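If you're matching them up, the sequences are chains P and L in order. Using the numbering used here, you'd call the opening residue of the first sequence number 193 and step up by one each time. Using the numbering used here, you'd call the opening residue of the second sequence number 193 and step up by one each time.
Since the hints were made in silico from the structure, they are not lab data. All of these numbers come straight from a predicted model, not from anything done at the bench. Hints may contain errors.
Repeated chains share a single entry, so a pair holds when one copy, or any two copies, can fit it.
Here are the simulated lysine-lysine pairs, DSS-like style, with alpha carbons at most 25 Å apart [said to hold, decoys possible]:
id, residue 1, residue 2
1, K281, K519
2, K519, K496
3, K197, K330
4, K383, K496
5, K330, K232
6, K252, K210
7, K524, K436
8, K252, K197
9, K383, K330
10, K221, K197
11, K383, K281
2 protein chains.
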Amino acid sequence: MKSRKTLADVAAAAGVSKMTASRALRGDKDVSQANIERVKQAAREIGYYGNQFASSLSSKHTDLIGVVVPSLSNIVFPQVMSGVTNALKGTLLQPVFGVTDYDPETEYETLRNMLSWRPAGLIVTGIDQPPETRQLLKDAGVPIVQIMDIDGHPVDACVGFSHSEAGHDIAVALFETGLRRFGYVGRNLDKDLRAAKRKQGFQSALREHGLAFAGIIDGSDLPVDVTALSAVDCGRRLTADLLKRQPDLDCIYFSNDDLAFGGLCHCIAEGIDVPGDVALAGFNGLGLIEGFPGKIATSRTARKQIGEQAARTILETLEHSAAEMEKLHIMKPEISLGELAVTNDKPD
Amino acid sequence: MKSRKTLADVAAAAGVSKMTASRALRGDKDVSQANIERVKQAAREIGYYGNQFASSLSSKHTDLIGVVVPSLSNIVFPQVMSGVTNALKGTLLQPVFGVTDYDPETEYETLRNMLSWRPAGLIVTGIDQPPETRQLLKDAGVPIVQIMDIDGHPVDACVGFSHSEAGHDIAVALFETGLRRFGYVGRNLDKDLRAAKRKQGFQSALREHGLAFAGIIDGSDLPVDVTALSAVDCGRRLTADLLKRQPDLDCIYFSNDDLAFGGLCHCIAEGIDVPGDVALAGFNGLGLIEGFPGKIATSRTARKQIGEQAARTILETLEHSAAEMEKLHIMKPEISLGELAVTNDKPD
DNA sequence: ACCGGTACCGATACCGGTATTGATACCAGT
DNA sequence: ACTGGTATCAATACCGGTATCGGTACCGGT
Chain P
193 MKSRKTLADV AAAAGVSKMT ASRALRGDKD VSQANIERVK QAAREIGYYG NQFASSLSSK
253 HTDLIGVVVP SLSNIVFPQV MSGVTNALKG TLLQPVFGVT DYDPETEYET LRNMLSWRPA
313 GLIVTGIDQP PETRQLLKDA GVPIVQIMDI DGHPVDACVG FSHSEAGHDI AVALFETGLR
373 RFGYVGRNLD KDLRAAKRKQ GFQSALREHG LAFAGIIDGS DLPVDVTALS AVDCGRRLTA
433 DLLKRQPDLD CIYFSNDDLA FGGLCHCIAE GIDVPGDVAL AGFNGLGLIE GFPGKIATSR
493 TARKQIGEQA ARTILETLEH SAAEMEKLHI MKPEISLGEL AVTNDKPD
Chain L
193 MKSRKTLADV AAAAGVSKMT ASRALRGDKD VSQANIERVK QAAREIGYYG NQFASSLSSK
253 HTDLIGVVVP SLSNIVFPQV MSGVTNALKG TLLQPVFGVT DYDPETEYET LRNMLSWRPA
313 GLIVTGIDQP PETRQLLKDA GVPIVQIMDI DGHPVDACVG FSHSEAGHDI AVALFETGLR
373 RFGYVGRNLD KDLRAAKRKQ GFQSALREHG LAFAGIIDGS DLPVDVTALS AVDCGRRLTA
433 DLLKRQPDLD CIYFSNDDLA FGGLCHCIAE GIDVPGDVAL AGFNGLGLIE GFPGKIATSR
493 TARKQIGEQA ARTILETLEH SAAEMEKLHI MKPEISLGEL AVTNDKPD
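Construct the complete structure from the given sequences, taking the supplied hints into account.
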């Protein structure tokens with residue numbers, strides 16, 4: 193393979209200096225129209241495309257925005273990534289994604305790696321990074337935006353909402369429709385801190401009314417390895433299990449919509465009326481629950497918008513460079529009770 | 193914020209030369225144990241993390257594998273990305289993702305951009321790139337793996353399966369269970385070439401039996417803007433529409449599982465027996481159809497494995513550097529007929 | 001004819017690492 | 001004592017761009 197074309201090749205082909213070629217290609221000023229054409233033509237002819245390493249090394253500047261998410265399996269995060277991509281479209285900036293698998297160690301390594309790329313900004317999922325990771329972010333010297341959670345102390349900017357509040361709020365809303373015997377279904381709560389916060393928020397709301405979960409399943413107490421199942425399938429099984437143990441529940445709160453949807457599948461298969469016999473509540477407002485409109489109560493989170501806002505926050509911080517920006521963007525989820533809302537006279 | 197730490201700082205702190213520091217940090221040989229410790233210690237103390245630009249520029253070598261997918265909204269592609277990430281874990285290589293939104297122009301730009309990063313390899317979704325893009329890939333001088341489709345001429349290596357064959361095969365399988373009046377529901381076929389290939393494969397199988405689709409809906413003939421809907425919701429509406437126009441269908445083929453699941457939701461809501469009154473067939477074998485086991489026939493594609501195999505192919509090509517590698521990996525989807533299989537083999 | 005201003009261009013010095021080469025010290029073998 | 005080999009380190013020359021700054025040419029004004 194012949195060696196790659198460099199700027200010097202372009203310059204030679206165009207009969208100008210490297211510097212002029214560089215300026216012409218970047219649309220910098222101080223180049224005559226004639227030379228611009230000549231250089232661009234030459235570049236096209238020899239099939240030249242720049243070398244970001246050399247460019248970024250020399251200019252001490254990149255167009256990269258690092259985006260760190262915990263998972264790709266949960267559709268929520270690709271949607272956030274979509275939002276970021278969206279908001280960055282048309283700007284000079286470009287997202288680079290990293291996945292942590294909900295593992296703090298991997299997260300730390302991923303961030304270190306990203307920083308070695310000297311990104312212009314960083315978007316990180318979650319707010320509860322371990323101290324060492326926080327320090328890394330603090331010292332990074334670039335705009336940092338933490339997303340999806342605001343229950344805690346952000347390193348810098350923050351876009352998201354309170355999960356404990358979200359859990360609390362939907363518990364209250366459900367309670368007000370007259371429901372009293374609540375069950376809970378979740379999994380991976382040890383890893384998914386935000387799901388755990390929702391559960392805890394839900395519980396605290398129950399406590400305020402002198403209630404508690406009448407039944408809890410989080411997957412750890414089951415013989416099957418629920419982590420191997422798809423989320424929907426897992427929800428189906430855990431719901432079956434919970435209802436067998438506690439047939440008198442009138443509402444089940446799931447750690448997310450996928451599980452809740454699995455629960456709905458179980459109920460439909462078993463002829464259990466939803467929400468008549470038992471109400472189901474999930475979290476996120478995913479597209480899949482629209483298959484059975486109104487059956488599942490949920491908190492609709494604005495994933496895409498959070499991604500977009502995070503990206504916009506970075507952009508603004510970069511432009512105004514000032515520290516005087518809006519540091520906190522709360523994008524509170526909207527509660528949707530579905531059929532529960534109409535079965536009760538209560539105003540929403 | 194003081195200027196970033198460089199290798200020179202580390203070297204100074206450790207009392208050695210830049211070169212020794214470099215070798216020590218990279219685990220290169222020719223460094224005494226004492227100095228290795230000293231340098232690593234110094235690096236940790238002053239919070240040093242390398243500069244990939246300088247490193248890659250100097251060594252003419254990167255650890256990047258570019259991965260280009262058309263979309264993040266379709267869970268299938270994040271799963272492929274997961275597979276790639278997985279297979280690369282433990283190696284020195286690292287994936288970088290790009291999204292094209294099914295737009296050839298964006299794809300070309302994304303690839304150009306990736307190439308300016310001199311990646312060690314490239315994984316590209318699809319096989320039908322326009323000539324200019326193909327040329328770009330050919331001249332890239334790095335291992336290229338095209339994935340998800342083998343109906344065409346790969347630039348180099350290829351991991352996936354034939355979509356037209358997949359459509360053909362499931363049509364045959366459905367036909368053999370006795371189904372005769374087929375309908376089709378899809379959307380975005382102009383963009384999603386692979387879905388179009390499946391439809392065409394399905395049609396050709398029907399033709400072989402003297403049949404044709406008795407009804408086709410692809411969303412373009414509907415008043416509502418189906419692109420704005422979630423896939424499941426869209427499937428629900430299009431199915432409703434199709435069945436209103438053609439109530440006598442005994443099977444509907446959907447362009448994917450999301451739409452098919454929407455169809456199932458419609459049927460359940462309307463009390464239509466599946467697969468008794470009408471059978472439904474989708475594509476992919478997504479987790480969500482496990483919510484109603486056996487209700488939807490599908491072709492289970494090995495997304496994650498395709499991602500893994502693609503990554504492995506790159507790794508091997510890089511190692512053996514030889515051109516004599518297995519260039520084609522066919523990962524044929526497995527047909528799952530669900531309840532249809534039972535009603536055919538042994539009637540209850 | 002002289003001067004200041006503007007448009008354009010190129011030589012030079014890096015950016016922060018790594019490959020390469022050469023130097024030094026020390027040791028075993030003869 | 002001398003030679004060759006090994007282990008360890010440092011100096012130097014880049015990698016392929018870009019920032020900087022100092023020219024040159026040409027213009028209008030006086």
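Verification of the hints:
no. : hint        : verdict
1   : K281 - K519 : within (23 Å within a copy, 35 Å between copies)
2   : K519 - K496 : within (19 Å within a copy, 38 Å between copies)
3   : K197 - K330 : between (39 Å within a copy, 15 Å between copies)
4   : K383 - K496 : both (23 Å within a copy, 22 Å between copies)
5   : K330 - K232 : between (42 Å within a copy, 22 Å between copies)
6   : K252 - K210 : both (19 Å within a copy, 20 Å between copies)
7   : K524 - K436 : neither (35 Å within a copy, 40 Å between copies)
8   : K252 - K197 : both (22 Å within a copy, 13 Å between copies)
9   : K383 - K330 : within (24 Å within a copy, 43 Å between copies)
10  : K221 - K197 : within (24 Å within a copy, 33 Å between copies)
11  : K383 - K281 : between (32 Å within a copy, 20 Å between copies)
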